[in-house]
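Residue numbers (the numbering used here), protein chains in the order written: chain A, 1 to 345; chain B, 1001 to 1125.
None of these hints come from the bench; they were simulated from the model. The reader is advised that the hints may include incorrect statements.
[Stated by the list, open to error] Cut-off 25 Å, straight-line C-alpha distance, at most; resulting in silico cross-link-like pairs (SDA-like, lysine to any residue):
1) A:LYS272 - A:ARG214
2) A:LYS331 - B:GLU1054
3) A:LYS274 - B:GLU1078
4) A:LYS59 - A:GLU47
5) A:LYS272 - B:SER1085
6) B:LYS1046 - A:GLU326
7) B:LYS1045 - A:ASP324
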Amino acid sequence: MIPFGGWLMPVQYNSIVEEHRVVRNNVGMFDISHMGQLIVDGRSAREWLNKMLTNNIDKPDVGSGQYTFLLNEHAGIIDDLIGYRIGEEKFLLVVNASRTDEDFAWLDRHRSHDVDLRNRSAEFGGVAIQGPRVVDLFHRLLGDDVDLPARNQIVDFKLERMSLTIARTGYTGEDGVEVFFSASDAPKFWNLVLEKGERFGIKPCGLGARDTLRLEMCYPLNGSDLSPERNPIEAGLGSFVDLTKPDFIGREVLLRTKKDGPREKLVPFRMKDKGPPPRPHYLVFDNGERVGEVTSGTLSPSLNWGVGMAYVSTPHAKIGSKIDIEIRGQKFPATIEKKPLYKKS
Amino acid sequence: MNVPDDLLYAETHEWIKRERENVRVGITDHAQSELTDVVYVELPKKDRQANAKEAIAVVESVKAASDIYAPVKGTVVEANKALESNPALLNTDPFGEGWIFVLKIDNADDLKQLKDAAAYRKQIG
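Let the sequences and hints guide you as you build the complete structure.
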């Protein structure tokens, strides 16, 4: 167990590699009760949120969500989150545990007078259920005639007197859902899913597998790959920023970054040879010149190979470029790759 | 958790097996089960001299990199090359095929600083 965003979380229940494979091949369940839930409600909720967040919140219909960023005035990333439109002018923001209080304080400080903002994180428990057998599992759980919401959609269900909010989303690259429920129902729901999922090979999975799965897909981790010192364009996530919106916090800086090009870019890489896996904070070199720093790294259980992501100065950050990762004073060759690092065969 | 009675132990979870003027060193069953999924081992070079508690090898799991310490002052006489191609031996056979290095010890009295099986069992609870 390790401290994580104010919570005690298991890195692994049994083995990271085993839990990783369960998600790639069958289905795994992660406790995501630590994640924060903010509710934004009120006459001008949409208009106001569009000034707070980078993506265009006008786009999702009621019942769907989008990945988006909350930025500071310098376009630095306060948080990355999913915003769900759960009513005409009502939104659920699912945010990172470690940033929940900061997000709330930031939003509250910029709040428009006719918008209501509530931090309901403590009321909800949550799990992510991820893997190719997730649909089979939910048919067994909810009934064969019940359809799961489509990708990025969110729907409420009732199950054994529990109210479930199910969103078709995830952080693993597999088909999957994130389910939220009253915190007091958490043990009951957890045990029910494990019981019904047994025939599909379900296993509980920890933070370790969550990290290796997301890294194979090049999904960023806030606090490692994203920070208030980095903006979404540097992080290669400009597609979640709508610069055609007239006004949102950080827009001016992002327009400039887009025009001038970012100084550094977040790029995925793969080690050339078998050897020690890359880790956060290892330095990146190109022909002896220091050009960047690793932000995420591991041995990819799917590829059985060392992979990672690093901020690399833009002239050196081309796909196919050869770089060296310095590990305990020794340089190991690697190649900058395209996203994602892992593709399902 | 397996803690063989005929070995000595360091607080940093190495086991130590006396072989005349040498000691054979590996990591305990408890250590491998905490690390799980060992994917890389960086071995010490032959003839390297080390002080007690000096980091001379690295064991990497998917989770993290962990230093392995020389339990007493000595000189490396052999390292387990089999771990280079099969680091998982640390998980499957920590007290046997998963040994990491052999150290020629400077002073046999230094071994008195190490724990016996009972004391190590107590440490890991």
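**Prompt:** Holds or violated: are the alpha carbons of LYS272 of chain A and ARG214 of chain A at most 25 Å from each other?
**Reply:** Holds, because 21 Å separates the two Cα atoms, which is no more than 25 Å.
**Prompt:** Within a Cα-Cα threshold of 25 Å, do LYS274 of chain A and GLU1078 of chain B meet the stated pairing?
**Reply:** holds (23 Å)
**Request:** Given the hint that LYS272 of chain A pairs with SER1085 of chain B, test it: the Cα-Cα distance must not exceed 25 Å.
**Result:** holds (16 Å)
**Request:** Sort out whether ASP324 of chain A lies within 25 Å of LYS1045 of chain B, counting only the CA atoms.
**Result:** Distance of about 23 Å is within 25 Å: holds.
**Asked** Taken at face value, is the distance from the CA of GLU47 of chain A to the CA of LYS59 of chain A at most 25 Å?
**Response** This hinted pair holds, its Cα atoms lying about 12 Å apart.
**Request:** Measure nothing beyond the straight line between the CA atoms of LYS331 of chain A and GLU1054 of chain B; if it is 25 Å or shorter, mark the hint as holding.
**Result:** holds (23 Å)
**Asked** Within a Cα-Cα threshold of 25 Å, do LYS1046 of chain B and GLU326 of chain A meet the stated pairing?
**Response** The hint holds at about 23 Å.
In summary, this structure violates none of the numbered hints.
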